[in-house]
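**Student:** Sequence:
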Amino acid sequence: MLRPDLIWRKSKVIGGRPDPRRLPSMVEMNPELRRARREISYALIGTGITLVLALLLYWAVPEMKAWMRDRHSENDYSRLVTMQGNTMQIQYAAKNDHVSPAELQLNAELLGRRFARGDFSLLTVPDSTLAEALTGLQAVERALSVSVKSEGNSWIVAVQAGTPAATKALDTYAAIIKENWHEN
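For what it's worth, my numbering labels the leading residue of the sequence shown as 2, then goes sequentially.
In case anyone wonders, no lab produced these hints; they're calculated from the structure. The beta-carbon is built from N, C-alpha and C at its ideal position, and this holds for glycine as well. Hints may contain errors.
[Unchecked claim] Distance windows between CB atoms, simulated:
no.: 1; residue 1: LYS66; residue 2: ARG143; range: 31 to 39 Å
no.: 2; residue 1: PRO32; residue 2: LEU56; range: 33 to 41 Å
no.: 3; residue 1: GLN106; residue 2: GLY163; range: 22 to 30 Å
no.: 4; residue 1: GLY47; residue 2: TRP182; range: 42 to 50 Å
no.: 5; residue 1: GLU133; residue 2: LEU57; range: 36 to 44 Å
no.: 6; residue 1: LEU123; residue 2: TYR59; range: 22 to 30 Å
no.: 7; residue 1: LEU81; residue 2: ILE46; range: 50 to 58 Å
no.: 8; residue 1: LEU57; residue 2: GLU110; range: 38 to 46 Å
My request is simple: use the sequences and hints to build the entire structure.
**Tutor:** Right, dumping it as structure tokens:
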């Protein structure tokens, strides 16, 4: 406990008497309470900074994804999904002359390899139709054959179904891809 004369010395003196507004509180007199108060203020500052960073991430991550999607959609090639009989074809074609044929070939070959491995998950659709189509394709994976070929200035990834069940699953998948897999 502090002595009263020390308390009076710390406070301001107005007209010979101490200012009652400046009398020391229990927090000022007790060092443990001062330390606890300081820890609480640091915790509040840290919580505030964390909250601000979390809100920035909550806002920034979708913005960055949208920016990347927009940037990616400015590709110089187009994709065309068609279903002919029991074959789904995805055609990569150059939009401009300055597109590297090697880039088109690489994209087509990578997609062909994914399909050959049985990895058909190209996009995310909120409803369950895509999940059902993917399950159907994985069930008939052995009845599918994948080929990649060049045709003029474009590359075609062809997935051919060998059974009626595979044709039905591939047709469902092609319809979903055609509807949702735009130029991004």
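**Student:** If a hint holds in the structure, say so; if it does not, say that too.
**Tutor:** Now for the hints, and whether the structure bears them out:
1. LYS66 with ARG143: 31 to 39 Å: Cβ of LYS66 to Cβ of ARG143: about 36 Å, so the range 31 to 39 Å holds.
2. PRO32 with LEU56: 33 to 41 Å: 36 Å, holds
3. GLN106 with GLY163: 22 to 30 Å: 26 Å, holds
4. GLY47 with TRP182: 42 to 50 Å: 44 Å Cβ-Cβ, so the 42 to 50 Å window holds.
5. GLU133 with LEU57: 36 to 44 Å: 38 Å, holds
6. LEU123 with TYR59: 22 to 30 Å: The hint (22 to 30 Å, Cβ to Cβ) holds, given that LEU123 and TYR59 are roughly 27 Å apart.
7. LEU81 with ILE46: 50 to 58 Å: 56 Å, holds
8. LEU57 with GLU110: 38 to 46 Å: 39 Å, holds
Consistency with the previously given hints is maintained throughout, with no hint failing.
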